[in-house]
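Start from the sequences, fold in the hints, and give me the full structure.
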Amino acid sequence: MNTLLSIEKRNKVLLNMATLLEQERDAIISINKKDLENYKGEDISMYDRLKVDDSKVDEMIKSVTHLASQDDPVGVERFSFKHDNGMQVYNKTASFGTVLIIYESRPDVTVEAAGIAFKSGNKILLKGGKESTTSNLKIVELWHQALKNNGVSTDWVEYLQFNRTETQAFLENPTQKVDLIVPRGGERLIAFVKEHATCPVIISGRGNNFVFVEKEADTQIALDVIINAKTAKISACNALDKVLIDKNLPNKDAFIKTLISKLKEFDVEILGDEALSKYEGVAPIESDDIWYQEFLDFKIVIAEIGSNEDTIAMINKYSGGHSSSIITKNDAVAEIFMKNVDNAAVYHNASTRFTDGSQLGLGGELAISTDKLHQRGPIGLQHLVTNKWYIHGSGQIR
1 MNTLLSIEKR NKVLLNMATL LEQERDAIIS INKKDLENYK GEDISMYDRL KVDDSKVDEM
61 IKSVTHLASQ DDPVGVERFS FKHDNGMQVY NKTASFGTVL IIYESRPDVT VEAAGIAFKS
121 GNKILLKGGK ESTTSNLKIV ELWHQALKNN GVSTDWVEYL QFNRTETQAF LENPTQKVDL
181 IVPRGGERLI AFVKEHATCP VIISGRGNNF VFVEKEADTQ IALDVIINAK TAKISACNAL
241 DKVLIDKNLP NKDAFIKTLI SKLKEFDVEI LGDEALSKYE GVAPIESDDI WYQEFLDFKI
301 VIAEIGSNED TIAMINKYSG GHSSSIITKN DAVAEIFMKN VDNAAVYHNA STRFTDGSQL
361 GLGGELAIST DKLHQRGPIG LQHLVTNKWY IHGSGQIR
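The letter at position 153 of the sequence shown is residue 153 when you use the working numbering, and the numbering goes up by one with no holes.
Keep in mind the hints are simulated off the structure, nothing from the lab. Ideal Cβ positions, reconstructed from N, Cα and C, are used throughout, including at glycine.
Restricting the straight-line Cα-Cα distance to at most 27 Å, the calculated cross-link-like pairs of lysine-lysine (DSSO-like) are:
1) K372 - K317
2) K262 - K215
3) K92 - K9
Label pairs and their calculated CB-CB ranges:
4) R78 - D58: 31 to 37 Å
5) T386 - G361: 20 to 26 Å
6) A27 - L360: 28 to 34 Å
If you want it as structure tokens, here you go:
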């Protein structure tokens, strides 16, 4: 077992990592080009997540630098109690021990997620996708350099070069103790990990996010939010897939026509229910199964709906439990929507694209959880801890 490193030591490693990322910026970008050239898939969102450019390196540097400035999440007192018999009882946060992060295509996860887990006092096991191996190994080399430069064992960050069969074998019968697994990727990866893991798993779930344009909506806000949430970054789990329009929206016809033309400017494929597929440029929905799908593509489904209650029921049936937004000037209606929609993040007059650790004030996230146990939504530094009890006595017996 690795003894918990002092907070000073953890912060020094993080700051050294920031320096090394800057020094090796060009090397990382050029090595990543090899991964991009070798990627033969058709998935544009996968390609987007795989790519490392200057702005991605900037984000990596910013994330480890910011982590170094944050308070230590370990050893924080959550509760204290003085027993009648004089014992002093404390409950404090504690690290998990070893965290395994399994992820697809995103070399930045090798910095950001590993950094959060390391700052919270955990040993890190990284299992990245084969499409990003070259980039990941370069970044892990920098982690090892930062650890060595500070007299810390390189065991703290370990990269597992496993294929699918080896990964399954490791999950079912780990060759070392693993306390927590965080899968970051598509539904197939998450299902695979859940099926084979023998320790707790934090589910970083699918998106399939909704926007409801309520009858008292400011239609300009609705247009801005829908276009941003759909087109700004299609590979993000907080991107938009479904739009529900209140059938009693004033000037509904003009709003729908404007929305269609704006989406077409971005070459978004538009599918619609009976009411919407009458419009030019909107194809009819072939099956209700589409309501369950997360697209990660320039594709959207638009439908009419009768009321706030119907919208809440529809989102709770079909969404991935991630993010939904209501566009309305009526605060009371928004309140009902926000209290009853069963998602990790609910918005009023804002884009779903803000469901992100850095945007919601956490500085960065390990994952965005759609589970309800432990922590929901972005999992920041202060959430990647468990807890333990400290009891000080002077010979008390029960």
